[in-house]
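Asks: The residues making up each chain are set out below.
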Amino acid sequence: MTANTITITSGKGGVGKTTATANLAVSLASLGQKVTCIDGDIGLRNLDVVLGLENRIVYDLVDIVEGRCRLRQAMIRDKRFEELYLIPAAQTRDKNAVSPTDMIKLANELRDDMDWIIIDSPAGIERGFRNAIAPADEVIVITNPDVSAVRDADRIIGIIEAEQKGPAKLIINRVNPQMIQRGDMMDADDVLELLAIKLIGIVPEDEHVIVSTNIGKPVALDEKSRAGLAFRNIARRLMGDEVPMMNLELKDDIFHRLSKMFGAGGE
Amino acid sequence: MPGARFPIKGFKEGLLIKLGEGGWNVVQADLLEQIDERMDFFNGAKIAIDVDERIVRAAEMGAMRDKLSERGVNLFAVISKSSVTDSVAESLGISTHQTILREKDSIVKNMLSDGENAVLIRKTLRSGASVKYPGHVLVEGDVNPGAEIMAEGSIYVWGKLRGSAHAGIDGSDKEIICALELNPSILRIANIIKEFSKNKIKALKRKNQAQKAILSFGEIHITDWDEQNPLK
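Protein sequences appear in the order of chains S and C.
Residue 0 is where the first sequence starts when you use numbering that gives the first Met the number 0, and the numbers rise one by one after that.
Residue 0 is where the second sequence starts when you use numbering that gives the first Met the number 0, and the numbers rise one by one after that.
None of these hints come from the bench; they were simulated from the model.
One or more of the hints may lead you astray.
Within a straight-line C-alpha distance of at most 27 Å, the following computed DSSO-like cross-link-like pairs (lysine-lysine) qualify [unchecked claim]: (1) S:K197 - C:K122; (2) S:K11 - C:K122; (3) C:K11 - C:K80; (4) S:K11 - S:K78; (5) C:K45 - C:K80; (6) C:K66 - C:K193; (7) C:K211 - S:K104; (8) S:K168 - S:K197; (9) C:K131 - C:K173; (10) S:K11 - S:K168; (11) C:K122 - S:K168; (12) C:K122 - C:K45.
Among chain C residues calculated to face chain S with C-beta under 10 Å, some are [said to hold, decoys possible]: (13) A57; (14) S90; (15) G92; (16) L124; (17) S126; (18) A128; (19) K131; (20) P133; (21) K159.
The beta-carbon is built from N, C-alpha and C at its ideal position, and this holds for glycine as well.
Next comes chain S alone, as it looks inside the complex (with noise of 0.2 Å):
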């Protein structure tokens, strides 16, 4: 078994790495996949709260790297699936704390055991950043269909490029179709136009998210909600499947199926 490691990250702080990497994390776990997930946000930790393992955090990723416990001890596992572990990142301490090299030989020590290692990447473009994108096989950028988070995206793709970590992939989050046919929102095609990656999902705006955080239960286990069906569609993709709602997003109607999809809109 090799892992593949993919690390989530968007530039700009807010517009949902940690709800994604936490609802891909329980998506591919429901489909009997062995996952590990990581905080990469030292000092703001709070990938445990969306997981709703926050009580359980004993070690975290700081302790790892300066030999303060063994790797499995930090690993907390999910009450919901057996093979659904998180390292939590440390509270207490800073991005420096952690090199790009510690990160590299951890995913390497877990790469083994894993089917899939997904870090939560910190805002910005710094030291965090890169700790984050050290190990990563794949990047996965995610944005809102507004132009500072696409801004800020398509800096984080060139950086991605840079480093020779791409070419990203793209999820584009919090679509709301009312706004985009008034015209006050980008659709997809607006923002793929601008960044030119590979799209894997669109995720419509969903109040489902923000209950589910506060409950710490991911929306994609959440059968009712929109977003979680589309966090679900991701983990496939992701796996391989051929999802048919992607070459619907792709369509110039994106907004007539996705209204259709909500019962919404004008037909």
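Since the structure of chain S is provided, determine the placement of chain C on it from the hints.
Replies: Chain C in isolation, oriented as in the chain S frame:
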């Protein structure tokens, strides 16, 4: 084995280390050894390395920066005579002589020549990319919002210009800026500035029409490519 010792100079921004001949791995190992031997001196230092004509790949430069960073040394600039190395440095967010040491002629030789120079960039310049060139700049690709081009000559973009462009940075007012889709955030020719504030979402929907910007009577004018120059 005692490695080569590279000469170190102090200047306003930090330390400048001139790397010698040899393969990159050897040179890097020598430099790190030199730093490890004088950890107290180097800890917390900001350094620029002079790689001369050497072409340094992104992975090599990134690894060097990380190894230096682990030793508490901040690699903030790479001085090079290769435009390839310059653009690698800039894409990694590391300064080059063009951004930091332009005036320091004693350290960096000015590479300008009197004739017409041009550089061809065959990729899309993404946000954060910055190109500065003592001549004309041609881009085969887009210039995205947040990217900038500064040229002593004119700027030609075979693609969409959505970032910022400054032609004639040394004051030449005969330079032009043109693009297959001219939709910039800001344009400058010589010392004249033109801002473009508009609905960014709608701007993305504009039809392709090659356009050029020229300076006439102290203002930047934008015309379709095939329109007559109003000056003539």
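Asks: Against this structure, judge whether each hint is valid.
Replies: Taking the hints in turn, this is what the structure says about them:
no.	hint	verdict
1	S:K197 - C:K122	holds, 17 Å
2	S:K11 - C:K122	holds, 24 Å
3	C:K11 - C:K80	holds, 21 Å
4	S:K11 - S:K78	violated, 31 Å
5	C:K45 - C:K80	holds, 21 Å
6	C:K66 - C:K193	violated, 43 Å
7	C:K211 - S:K104	violated, 52 Å
8	S:K168 - S:K197	holds, 5 Å
9	C:K131 - C:K173	holds, 18 Å
10	S:K11 - S:K168	holds, 16 Å
11	C:K122 - S:K168	holds, 18 Å
12	C:K122 - C:K45	violated, 31 Å
13	A57	holds, 5 Å
14	S90	holds, 4 Å
15	G92	holds, 7 Å
16	L124	holds, 8 Å
17	S126	holds, 4 Å
18	A128	holds, 6 Å
19	K131	violated, 17 Å
20	P133	violated, 23 Å
21	K159	holds, 9 Å
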